[in-house]
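Mapping of the sequence shown onto mature numbering (1 follows the signal peptide of the UniProt record, and there is no 0): residues -22 to -1, 1 to 405, in sequence order.
Calculated from the structure, these hints are not laboratory results.
These figures come from a predicted structure and were not determined experimentally.
Check each hint, because a few of them may be wrong.
The list that follows gives simulated cross-link-like pairs (lysine-lysine, DSS-like), each with its CA atoms no further than 30 Å apart [what the hints assert, rightly or not]:
1) LYS176 with LYS54
2) LYS17 with LYS31
3) LYS68 with LYS190
4) LYS273 with LYS183
Computed beta-carbon distance windows for the label pairs [said to hold, decoys possible]:
5) TYR199 with GLU70: 19 to 29 Å
6) PHE99 with SER186: 31 to 41 Å
7) HIS179 with VAL258: 21 to 31 Å
8) GLY12 with PHE99: 25 to 35 Å
9) GLN159 with TYR79: 32 to 42 Å
10) ILE185 with TYR79: 43 to 53 Å
11) VAL387 with HIS179: 44 to 54 Å
12) LYS17 with PRO265: 56 to 66 Å
Even for Gly, the Cβ is constructed at its ideal location relative to N, Cα and C.
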Amino acid sequence: MLFLMKSIVIFVFVSLLGFTIAFNCDGEPSSSEGKLLKKLFCYNYDKTERPVKNYSAAVNVTMNVHVQNYDLDERKSTLTAFVWMSTSWKDEYLTWDRMEYGIDKLIIESSEIWTPTIIPFNNYKSTEAACSNHRCEVNQLGMVLCIPPCQYEAFCVSNTANWPFDTQNCSLSLGTWVEDQEKIKINENTNITTNYIKVPHSEWKMISANAKQTLYDNDTYPTVEYTFLLERHIAIYGAILTPGFIMALLNMGILWMSCVSSERLYILCGTCFGHFDYLVYLYWRVPYHGVSVPKLLIFFRDSLLINVAILTFTIMLRHMRLSTGNSNSFFDKLAIKVASTNMGSILLQSERVDIASKEENDNHVESNADGDTVNLVVEATEVKTAENPKANCTRQALVVTFLDRILFVCCLLSYILMLFNLLPSEY
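Required output: the full structure, derived from the provided sequences and hints.
Below, the structure is given as structure tokens:
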């Protein structure tokens, strides 16, 4: 441990010593690099002034952002971008003759030369810690290139109504804080690239990244606004959403079971509790930001309401089916009329319709045996039907099945409208 501490101290001492020798303005350096550094920095160079000989001229600065990696915090609606910030400009005081020194470029600490004060205007954290200490490359023509690693945080806006098919639109503004356009001019060729992203994000994919130079109202300070468009990976959500849609399909399929079946009640009660649990699960999955409620939550909430409605109607139809009273309501007549058609006999179970028709025909035959009038036949039919509980049960079963099919059509139309509302608004 002591040896390690000594090694670190020696390394720091040698580094500082080399730095001091490189910028020793009192002695006469022996190397060509030392002589060049003394010529450039030991006479008239002032790192606090803009590197232009004509004070009225502006320094042209080119900014290029190379995104290396990124992370999105949905709760804070912030995008953390890890980038290489490439900044270049011309320093008119850092030029030399290559033939004289045999050197075409130098590596200089950024703290020893003038650098443009470019900071993020909407950074979530402190702007001073955005970029780490770095070195810059200076060539014989005075062109300075600095590529520090930086960490910026952009604020994002999302329409949570389309979750999980939502996108994040994030923006980051970089610009000068104290120098206006008359002192620093940002080149229009400023751009941003995402080609250096090697490890893709597990949940979000960066679709595009653009840079645009902007000037706000009554503001002469140059600003570059970077916009990032991210799209959520939805492959995993296919497995997450599958149970919810299965319960919605069960709501439709259960209507084809007999309303007097105990299994129908058990399944409806199970899907009702399943909808509750699934809504709670989605509540912890959906993002918390945004003012819009995700359409999927509304879809499964409405599916729960449909489930409760089916359960209520099942209990009512079950009671109606088991009753033995005679009824001549509008639905009774309409059900018999629909059952007389080919399609109706299929949808309303033709065997029951045939039994009901056969019993009604038998009533007509028995009433006409003594040659009475047509009116007496009708009266005899009604009396016979009232006296035959089996015929009443058959008719009740027919009416209940008819109401069940009406409920199925209503639920089907409701789910179709809900699915259309579920489509992303962009489409």
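Comparing the hints with the structure gives:
Only pairs whose Cα atoms come within 30 Å are accepted, and LYS176 paired with LYS54 is accepted, the gap being roughly 25 Å. Under the criterion of a C-alpha separation no larger than 30 Å, the hint pairing LYS17 with LYS31 is consistent with the structure, at around 17 Å. Pair hint LYS68 plus LYS190 holds up; C-alpha atoms about 22 Å apart against a cutoff of 30 Å. The straight-line distance between the Cα atoms of LYS273 and LYS183 is roughly 22 Å, inside the 30 Å bound, and the hint therefore holds.
Between TYR199 and GLU70 the beta carbon distance is about 23 Å. The supplied range of 19 to 29 Å therefore holds. Between PHE99 and SER186 the Cβ separation comes to about 22 Å, which falls outside the hinted range of 31 to 41 Å. Taking 21 to 31 Å as the suggested C-beta distance range, the pair HIS179 and VAL258 conforms, at roughly 28 Å. Evaluation of the 25 to 35 Å hint for GLY12 and PHE99 yields a failure: the beta carbon distance comes to about 41 Å.
A hinted range of 32 to 42 Å holds for the C-beta pair GLN159 and TYR79, which are about 36 Å apart. In this structure the supplied range 43 to 53 Å holds for ILE185 paired with TYR79, their Cβ-Cβ distance being about 48 Å. Between VAL387 and HIS179 the CB atoms are about 45 Å apart, so this pair conforms to the stated range of 44 to 54 Å. Taken as a hint, the range 56 to 66 Å holds for the pair LYS17 and PRO265, whose Cβ atoms sit roughly 59 Å apart.
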